[in-house]
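> Use the sequences and the hints to build the structure in full.
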Amino acid sequence: MLRIIKDKLFVLLLASIALTGILTLATIFIFIFVKGLPAIDIEFLTTESRDFGAQGGILYQLLGSIIIISGAGVVALPIALGTAVYQYEYINPSLRRISNLMIYALNGVPSIIFGLFGLVFFAHNLGLGISWLSGSLILGTMILPTIIVSIKESFDSLPVIYKESAWALGLSRWQVIRSVLIPQSLSGIITGLLLGLARAGGETAPIMFTATCFSGVLLPHSFSEPVTTLPTHILYLAQEASNPVTLTNGWGASVVLIIFICIMSISSMIIRTRFKTIVTR
Amino acid sequence: MSKKELDINQIIKISDLNIWLNSSHVLKDIYLSFKEKMITGIIGPSGGGKTTLLRSINRINDTTPGFKIKGSILFEGKDIYSSTIILHQLRQRIGMIFQKPCVLPRSIYENVIFGIKMTKRKKKKVLKMIAEEKLMDANLWDEVKDRLSHSAIGLSLGQQQRLCIARALAVEPKVILMDEPTSSLDPISSLAIEDMILKLKERYTVIVVTHNINQAYKISDYVVFISDGRVIENGIKEEFFNNPRDDATQRYICCSSNDYWRKKGLT
Chain A
0 MLRIIKDKLF VLLLASIALT GILTLATIFI FIFVKGLPAI DIEFLTTESR DFGAQGGILY
60 QLLGSIIIIS GAGVVALPIA LGTAVYQYEY INPSLRRISN LMIYALNGVP SIIFGLFGLV
120 FFAHNLGLGI SWLSGSLILG TMILPTIIVS IKESFDSLPV IYKESAWALG LSRWQVIRSV
180 LIPQSLSGII TGLLLGLARA GGETAPIMFT ATCFSGVLLP HSFSEPVTTL PTHILYLAQE
240 ASNPVTLTNG WGASVVLIIF ICIMSISSMI IRTRFKTIVT R
Chain B
0 MSKKELDINQ IIKISDLNIW LNSSHVLKDI YLSFKEKMIT GIIGPSGGGK TTLLRSINRI
60 NDTTPGFKIK GSILFEGKDI YSSTIILHQL RQRIGMIFQK PCVLPRSIYE NVIFGIKMTK
120 RKKKKVLKMI AEEKLMDANL WDEVKDRLSH SAIGLSLGQQ QRLCIARALA VEPKVILMDE
180 PTSSLDPISS LAIEDMILKL KERYTVIVVT HNINQAYKIS DYVVFISDGR VIENGIKEEF
240 FNNPRDDATQ RYICCSSNDY WRKKGLT
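Residue numbers (numbering that gives the first Met the number 0), protein chains in the order written: chain A, 0 to 280; chain B, 0 to 266.
I should point out that these hints are in silico values taken from the structure, not numbers from a laboratory. Where a beta carbon is used, it is the ideal one built from N, C-alpha and C, also for glycine. Incorrect hints may have been included.
[Stated by the list, open to error] Chain B side only, calculated, beta carbon under 10 angstroms to chain A, not exhaustive:
1. Asn57
2. Arg58
3. Ile85
4. Arg90
5. Ile93
6. Met95
7. Ile96
8. Cys101
9. Pro104
10. Gly114
11. Lys116
12. Met117
13. Arg166
14. Val170
The structure is reproduced here in structure tokens:
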């Protein structure tokens, strides 16, 4: 009898802890949505920002975010894939440990440091200037660990019999990677990419002074022009506490940013669970 | 322990082989040779080292952690563990069928030509011909000829294993290693595969590891009994089953299953 009571109490305890976490998240979401929804209408989503954010919308911020994270994905994906394959197939165990350490260390670097590094290295030393290219490069560097770890997990979960069957047919190492390892890990690769992009989409510090500027920019016309992005726009609007309309627009931009990132995160989750490319009997 | 060696047509010759897996001495002082275009059955209790021996012949064990080898395995006179051997070329000549069939989630046709599409670079028409020929050799053509573009995952386990065999045959190896090819399958599929193995003898050398004494009796020309890492006895099938020299052999082949092979009798 006592055991049953203890059991029920334990479940209750766990449920309340879980509920706390979910409620916290829900509260944040609801808060932001309530404050931001009044700002959102068709005009908001499809026109440019005017009057220092008090009027108009966030069209170019949205486009700017899309441009900069697409660039980050294009930069990061090949490097992440190459690193993961090289780590998995070609290096000896002690080197593998060291490179793992470096990847996790990279993941722990504060985002403002990425911003500074991007400014000094990409913008100044490489002469790329304050541009969306610099921003994409630094964001790409930042999301490398996320993508690499996801791809490696995917590689590790591939049953060894797949590779052994390919080896037994006389395929060379590279052929096995190309025809078995990578195709069978496709869902992990895409998941990693989407998670990385979701993270990149929300970052402010790395691109704040390497890639963005607030006014005077719509769409970049070349590699060396800056863009305006959602997170940096929100940062700017938040600092205009005196004008309530501007503030509301800031909340509106926050809502759009959250939805944007949620779409990517949820897509990555769906792809991971539904499109597993290994079917077992 | 017999060191009987046949002098003619030895396509694989194993001398003084010792293998360790993670410091466990799995195979001890193995001397064996395999005759060309013969079917050799390797039998013995679980954990005795049969599968390790098989996997060392096409060097799939190379990536197993803690693998250490001493001694030599000669294939067509050349030591396969020498540094001049190119692994993937070796494995194109020594193929392997695994216990659990492993087909890719692609069409049946794609699976059959998987081994040769990249490595041999033939024209599409030739590939189609080879696919048909090997599916026929594997006794699978009639069942799949109308649905070559369907996914291979939809096949039954027995069909998948035959598909794996067709895939391995497409590479045209000289030797085919089979690691308990029917132990995951139902009796009817097993029978179909046993019949197919008998026909393979005309063109390929086959080495089969099996737990099934009846199967070993049915398909082998030559039998090897391995227990606790050593070759206890080996010989031509008739001699092996009728007059086993070693007590251990006698006990193993008589206590397993129901002596069905004995009831079949030898003339």
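> Going through the numbered hints above, which ones does this structure break? Give me the numbers in ascending order.
none
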